[in-house]
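Put together the whole structure using the sequences plus the hints.
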Amino acid sequence: MTTIGKAIATLGARVRGQISGLGAFVRLAASILRRSGAALSRPGLVSQQIHFIGNYSLLIIAVSGLFVGFVLGLQGFYTLSRYGSEEALGLLVALSLTRELGPVVTALLFAGRAGTSLTAEIGLMKAGEQLAAMEVMAVDPIRRVLVPRFWGGVIAMPVLAAVFSMVGVIGGWVVGVQLIGIDAGSFWSQMQEGVDVINDVLNGFIKSVVFGIAVTLVALYAGWTARATPEGVSRATTQTVVYSSLLVLGLDFVMTALMFG
Amino acid sequence: MTSVPPTDIILQFADVALGYGDFTVLSGISLEARKGQVVALMGGSGSGKTTLLRAATGQIIAQKGRVSAFGQDIAGQSAESLRQLRQRMGVLFQQGALFTDLNVFENVAFPLREHTRISESQIQERVLDKLDAVGLRAAAHLRISEISGGMARRVALARAIVLEPELILYDEPFAGLDPISLGITAQLIRDLTDKLNCASVLITHDVHESFAIADQVYVVGQGKLIAEGSPSQLSTSTDSYVKQFLNGEPDGPIAFHYPNSPAFEKWLAQRGRRP
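Protein chains in written order, with the working numbering: chain V, 1 to 261; chain X, 1 to 275.
Honestly, I wouldn't trust all of these hints.
Here are some, though not all, of the chain V residues that point toward chain X, as calculated from beta-carbon distances under 8 Å [what the hints assert, rightly or not]:
no.	residue
1	Gly128
2	Glu129
3	Ala132
4	Ala133
5	Val136
6	Met137
7	Ala138
8	Val139
Restraint ranges, calculated between C-beta atoms of paired labels, are given here [to be verified]:
no.	chain 1	residue 1	chain 2	residue 2	range
9	V	Ser36	X	Ser232	54 to 64 Å
10	V	Arg35	X	Arg66	25 to 35 Å
11	X	Gly76	V	Leu202	47 to 57 Å
12	V	Arg35	X	Gly76	19 to 29 Å
13	X	Gly76	V	Gly17	27 to 37 Å
14	V	Gly232	X	Ser261	21 to 31 Å
In silico negatives: residues of chain X with every beta carbon more than 12 Å from chain V [as the list claims (entries may be wrong)]:
no.	residue
15	Asp15
16	Ser27
17	Glu125
18	Ala139
19	Glu146
20	Ser148
21	Phe174
22	Asp178
23	Leu188
24	Gln222
25	Thr236
26	Ser237
27	Tyr241
28	Ile254
29	Trp267
Simulated from the structure, these hints should not be mistaken for laboratory data.
None of these values were measured; they are calculated from a predicted model.
Even glycine gets a Cβ: it sits at the ideal position worked out from N, Cα and C.
And the structure:
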């Protein structure tokens, strides 16, 4: 009986911990949004973060986009050729990238590349008393540190997703047209006709903005609440990857169902 | 003893008890720092000196008594008015707490950029002036990872004084400094206090340097205020705690060994049972 009681108590404590964590997450998100006016009054801080978050992720995003494009070209050709519709390869590559792979894979790579560095940076700032020092200097660390990083991430994500999709289309073209020999005219014209700006491109853009918000918030929250020790910071960076990846995949399912269902 | 105009008192603790949660670190603390004064708060490691500093900046609220800065009770302040009070203070943190994503120049310029609207040329002039005062003018372009611990502390000092505050709190300003920097830093604190006519509060256990520049010294230990007075008064004190602390004697009321506790005995017994 006591063992069962203990198990129930442990479960209860865990659930309560998760719920209070979620509450703290939402409160932090709300305070970031409330203080976001400051980000607009000092665009320099945001552009610095876009550079830091976006520019440094550009290479990994572009290279990954190219390889995903190659694979899409190969797999697409293999499947489409069974039905004799190889010329639709351009459309398949473009739709897969703009609707799904562009936003999702970019967000997953972003979580691993930029999300972890945001978490570690803020966790170490906390460990080095930098956030406390800011507070004592009458500077609000949420406004000065978190807000520019949040908007930097939110702005960088759709741009990176667009780069990913663009490079991916080029990858599909290299494999489909240059290597396999599909007609270049039908590759591009099918794509031009079949891809809808609102339905496909805009929805993909909305997805990547939502992922940008989700991943950046998770990364900032993990750093902000990290224990100020080497172990605490390492645990927080792991949390960033795990939670933001799951969140991206879950949100993608919900948004796909709403947008294309 | 001359009477002091109340406006001259910058920082005041009145019968204050401080701690974390239910645990009280210090109690019955009464002290004050006035304009133009260097006040040293001394005590051994773990005596609660840094807790005093945290109370002065409003990072923790007194469990009992009243902590006031510039005549205003810290506890009763809204977030905005506390921010305004903090703008009138400069704090030198124990570890420097420099911003590692900014270089030396930008670290010192940080409070100016956040709290003033002065031009870039004025910022440059003031920052280089303060860096010159701590001997690091030519290090302005370096990254924080490129400077030594002692240099970082001096940069932090320049940052703490760049807004020329009315109250400067120094947490262990002499720790980790070489003998040359130590003497210069001590003199710098004295000169700044005289020049800015501000109040300087040093949290330190460095007897020699702080006695050389302090007007008033408070010694804390055993959870309370043990002694207060001018350096010369304390030097002649017959209190056994004060004598042991000032002379660094191994024997006396301050124990070197951490006290034994039932928790430790239990832990030791458990270890003994392990194969």
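Hint check, failures only | No hint contradicted; all consistent.
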